[in-house]
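Q: Sequence:
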Amino acid sequence: MSYEHPLAYLLGIEGLALLRGFTGDHDREFTEARIAEIRRLLDEPWTGVEVDRVGAADGYRIWSRTYDQPGNGAFAIDEPELRRIIDPLPPGTALDAACGTGRYARLLADRGHRVLGVDGSPEMLDHARPRVPEAEFRLGDLRGLPVDDASVDLVTCGLALTHLPDLTPAFAEFARVLRPGGHLVVVDMHPESVARGSIPSVRDQDGRPGRLPAHRHLVGDYLRAALPRGFQVRDCREPVAELGGTPEPADSPGPWDVWPWSLMAMVPEAARAVYPGSPVMLVWHFQLA
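All residue numbers for the sequence shown refer to the UniProt record's numbering, where the first residue is 1 and numbers rise by one.
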């Protein structure tokens, strides 16, 4: 269990903004305004929230009911990045590992691939099957994929590896199922994004708040997991955040379900100094030697 306090997040954003000022991005007026804002925040009454740590299987069982609803800003970033990489590749047999509701599987099938999807959540697969009826879907784990050796030409894995404490078993499985020369596309949450609180939230049947597992894998962690398995780096990109305009100032943190996004509106100048230009995802294109 963790304890999420809105003041802790707000002070963290103010601290990041002050570091930007300290290293030359902002002037004296900005820095003094941040310090004054911190003093004001410290005088406000606050209430924190006890938050459960929810396993990935339970989390996605709950989240499956609303996962595809509009409003998930990650989809606007990861799908264009995926299309950029897979569009030049010839159709073949493609594995969508941790396929969820079949977002990537749909894109792969539309490009002529024979698609196999694997996910650890039966509930997510229930949404994927009608979405991509021509694909085959199997229940399975990233660390033990129910796929034959050297049987696929392309593996995609989106927004899933951050749930694993260790990347090595998953990359070993990707290398096992790929044919020589096959391609691997990994889209994952950037460690800076995880550190800023971009962690999926759910509520259980009793309404208790919970967060899914989110591990801060550094850029080097992916390389240390991939290179010894025979992967070569074809491309690596770090899409950045767009704040989406100036946040309307707010006087309250809003409901827990929209933390930390609603908290940004309480410190809009600090948020504008921190978020634009900050990486939100890591996008890898590997090829198996």
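Calculated directly from the structure, the hints in this document are not laboratory data. A quick note: this is a predicted structure, and the numbers were derived from the prediction, not measured. Cβ coordinates follow ideal geometry from the N, Cα and C atoms, glycine included. A few of these clues could be false.
[Said to hold, decoys possible] Computed Cβ-Cβ distance ranges for the label pairs, DEER-style:
hint	residue 1	residue 2	range
1	R39	L227	47 to 57 Å
2	D110	R272	21 to 31 Å
3	G181	A36	58 to 68 Å
4	G92	E29	56 to 66 Å
5	A76	D235	25 to 35 Å
6	A289	D257	40 to 50 Å
Q: Going through the numbered hints above, which ones does this structure break? Give me the numbers in ascending order.
A: 2, 5
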